[in-house]
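Peer 1: Got chain A; can you put chain B on it based on the hints?
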Amino acid sequence: MTSTLTPPTGTGSDGDDGRPPRASRLTWRQRISIFDVKASPYAYVAPFFLLFGLVGLFPLAYTFWVSLFDWDLLKGQGDFVGMENFWAILNDRFFWNSIRNTISIFLLSAIPQLAMALLLAYLLDQGLRAKTFWRMSILLPYVVTPVAVAIIFSSVFNEADGLVNNLLNLVGIPDQQWKHDTFLSHIAIASMVNWRWTGYNTLILLAAMQAVPRDLYESAAIDGAGAARRFFSVTIPSIRPTLIFVVITATIGGLQIFTEPRLFDVSNAGGIGGADRQFQTTVLFMWELAFFRRDFGEASAVAWLLFLLIVAFGLVNFLLSRRVATGDARGGRRAARRAARKGADA
Amino acid sequence: MKLSRHTKVAAALAGAASVALLASACSSDGGGTDEAASDEPITLTITTFGTFGYDDLYEQYMEENPNITIEATNIDTGGNARTDAFTKIAAGSGLSDIVAIEEGWLGSIMEVSDTFVDLRDFGIEDRSGDWVDWKYAQATDADGRVIGYGTDIGPEGLCYNGALFEEAGLPSDRAEVAELIDGDWEHFFDVGRDYQEATGKAWYDHSGFVWNAMVNQLDEGYYTADGELNVEGNAELQERFELLGSATEDGLSAAQAAWDWNGGKSFVDGTFATFVCPGWMLGVVQGNTEAGGGDATTGWDFADVFPGGAANWGGAFLAVPETSEHQAAAAALADWLTQPEQQVAQFEAAGTFPSTVAAQDELASNPTPNEFFNDAPVGEILAGRSVGVVAQFKGPDDSVIQENVFGPPLQKLDRGEVSTQEAWDEAIVLLNELVG
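These protein sequence lines are chains A and B, in that order. Each residue of the first sequence is one higher than the one before, counting from 1 in this note's numbering. Each residue of the second sequence is one higher than the one before, counting from 1 in this note's numbering.
For the record, the hints were derived by calculation from the structure and aren't laboratory data. Ideal placement from N, C-alpha and C gives every residue a C-beta, glycine not left out. One or more of the hints may lead you astray.
Stated by the list, open to error - Just the calculated beta-carbon pair ranges, DEER-fashion:
# : chain 1 : residue 1 : chain 2 : residue 2 : range
1 : B       : Gly169    : A       : Trp96     : 40 to 46 angstroms
2 : B       : Ala349    : A       : Gln177    : 37 to 43 angstroms
3 : B       : Ala349    : A       : Trp65     : 44 to 50 angstroms
4 : B       : Glu232    : A       : Trp96     : 24 to 30 angstroms
If we strip away everything but chain A, and leave its shape as in the complex, we get:
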């Protein structure tokens, strides 16, 4: 076991007494063993990377290749146009419209969703009766396929007779234009995303919270920290890596949203997300370009621009959530304390 825990370079240091004459003294068998220890891990991880190369890297590269051509969906590869597709997309008002919509829907879904998931996970982490029941029921929405969710919510947010408008009418609020008003349509779509993903994130955060040593809470409580203080000063910093993971996956998912806006608008077969493209997200725009307008080259350019955008957002979120989750953002007191402790250690 110990040999797997030490990094590969460490294995060499086992015999650092005889480093210079190493080659001559090792037997064939030993050399095989060393090679085995060094190389085997790569063989273990290789299947993933082979698959990743096949279904991840290759499509990415091929998409870039396609984006350099005039490429009709049906007729296939046309003339080489270089970066022209990218310029065309960057000058397309519908592209920017789709980016605005995507970011708006992303913010409306990711922030409340993660806040809610944190809160729910915290509650589920307390001593509840019938724990498994509560934990499983929170995951239930995640099991429903997005298509079903979109169809049900599309009916719930129906402008003429939908459940939401009927409920609003009960309290004296007139019908709202859930499918025509830009902001309202974003809220409606974000609510589908939240409904589906909150439980998923909750369970992941809960798993992380369960791993927080209980004595940390006890000592914090003894020191006089209230529930809120324990949550912000013990729980959140302790689950930092998980929190970052959840934020990053939510970012990737949120920027790739497609099914919900596509099915929210059944009347436009061309998939433009509302008569005025009120809720056409970037992936929906890409779908329209590729499969309706048949311009595969420009659609590939959109795919790449979206990829870059997601990477950028992912990095920003990574940095932000790292700062927030360590609690260093504001006072920096703890950082100072830790630095002091480190100094003392040394």
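Peer 2: Chain B in isolation, oriented as in the chain A frame:
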């Protein structure tokens, strides 16, 4: 170093597993095409859309040909079937043995007509006289290859709600309605204005379908017959747009979301009184009315009249892709499905009006009442409506122009957000951005 032996085995296993994964990913293809029409068991796949009414015919065919198993897929709308077919053509695989192609996107398919087999190799020429001549010609590409067996065509009549007509003091009898509506589009809208004045309700469901009918009726629509784009500066088109626009501005449109109609409820609660109805749409009207909680007593009827004269909307073809492994068997099934006798059965099941002359004659001489449409002899009426129908040339971007160029401005017009002129201008801007 006890670990080493295990790691070696595991590494070998991991390597083998990844090789196996790669191999299985690449081995989906293969197997020759068996052209011989033997008794060997064959599974044929077929993809249709909307209401095709083929289910009983599949059963019958499988009974008559015990070696054939039919696996059918039906996609909800033509638009989604288009995406399905295009994606699979682009991928170069995945098309079923028989693919139903809609007239509206036939223009795009014709650009890659060599994706589909030339049905002359399977004897379609012997049957060329079966169809109305333009239907056969539509499926023939520039090189003379024939890629589709014609199924239905889309002569248009007028669906109207008799109960609502009565409420508004208009005649509700089928013949009288035909007389009342008979005339051009302007007259149709004028009757609508009377109706609207009497009831305060809308006349048609939404502008998009009406616009589609108005365009389809022209000799040349979004493209000239030689395939030139024909929208900007097309006075005839713009004149019709203005006609529709002023009607909509007068409140004649119910601004419905197509293919949804408030879950079908708008067909039941009197939101609109008329609906443009090609044969295949009859099944859609019935299905949505029933989904909305209505039935035959809701009052829908079918009149032998259409504003501006004969018009065609839609119609489909059955094509066999080159990738099919059972081309001969597939062609035989498609051939059988489009025989006059089967077209009559299809009409009875789904209201799709046949494209073969013999089947049309059969329907014309045998007026079966349709219970849902107030016992209207819909077959006889559609046969009458098909006289003078000639399908318009559809260019490669026809469906894009219909859906994404004219669709959005018309929806805004419906909701009163833009004037007719603004809607037209927006359509031209969109045209240049999306198609130009």
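Peer 1: Would you mind marking each hint as holding or not holding in the structure?
Peer 2: Here's how the hints hold up against the structure:
Checked against the given bound of 40 to 46 angstroms, the beta carbons of Gly169 of chain B and Trp96 of chain A, roughly 52 angstroms apart, lie outside it. In this structure the hint that Ala349 of chain B and Gln177 of chain A lie 37 to 43 angstroms apart at CB holds, the actual value being about 39 angstroms. Remark: the range hint 44 to 50 angstroms for Ala349 of chain B to Trp65 of chain A is upheld by a beta-carbon distance near 47 angstroms. The supplied range of 24 to 30 angstroms is met by Glu232 of chain B and Trp96 of chain A, whose beta-carbon atoms lie about 25 angstroms from each other.
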